[in-house]
Amino acid sequence: DAGVTQSPTHLIKTRGQHVTLRCSPISGHKSVSWYQQVLGQGPQFIFQYYEKEERGRGNFPDRFSARQFPNYSSELNVNALLLGDSALYLCASSLVRTAFYGYTFGSGTRLTVV
Amino acid sequence: GIQVEQSPPDLILQEGANSTLRCNFSDSVNNLQWFHQNPWGQLINLFYIPSGTKQNGRLSATTVATERYSLLYISSSQTTDSGVYFCAVGQAAGNKLTFGGGTRVLVKP
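Protein sequence lines, in the order shown, are assigned to chains Y and F. Going by the numbering used here, the residue at position 99 of the first sequence is 99; the numbering climbs one at a time, nothing skipped. Adding 114 to a residue's 1-based position in the second sequence gives its number in the numbering used here.
Everything labelled a hint here was simulated from the structure, so no lab data went into it. A couple of the hints might just be wrong.
As the list claims (entries may be wrong) - Looking from chain F toward chain Y, a few residues come up when the C-beta cut is under 8 Å (computed): (1) W154; (2) G155; (3) Y187; (4) L211.
Claimed, not checked - Among chain F residues calculated to face chain Y with C-beta under 7 Å, some are: (5) N152; (6) P153; (7) Q156; (8) L157; (9) F161; (10) F200; (11) K210; (12) G216; (13) P223.
We put the CB at the ideal spot given by N, CA and C, even for glycine.
Between the sequences and the hints, there should be enough to build the whole structure, so can you do that?
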């Protein structure tokens, strides 16, 4: 079985632009969570989506948004990019909303804002 | 929110050495996991251990929930153990993981 897949793997954007990151969960997993990992720090929770609804939101500005599709894949959108948005963006999937056991991360999208 | 602190921040080991990594957390949790992040950024789940002790090969972990800490033991370290080790916790009312700052481990041959 394929793991959690994220695309693209690397991305370079200019300040002020918009970016869309994509995540496909493990087959059968209905929950997708997004994390931002700034260099040298631990990942920080951005969103959780379960059954196509937002179930949790971290302390991030409204420039960050996400959605989940009927096939449980997910997109993370960031508008008006700032230099500080440069980070590794990680997606994690789990079978159900609160099943932390079996929480599996993808390899991430490395975003550089210049 | 809950605070998660890991120590030491950096660790340099000679191949074959043993080590202990510590994770302290500021509130009660119902979920605690240890992850290893490789140089390519992939986070690999090592243990799901909200309480008690588990072992997996050369790695073992112990969580004492009542005292709000967890320990990760690496025995007979190998160069492939290099990377960053993260402790992450979850609470009953939430659906997110809160990560510590990590311990950066370098195992030298």
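- Structure-inconsistent hints, enumerated in ascending order: 3, 5, 6, 9, 13
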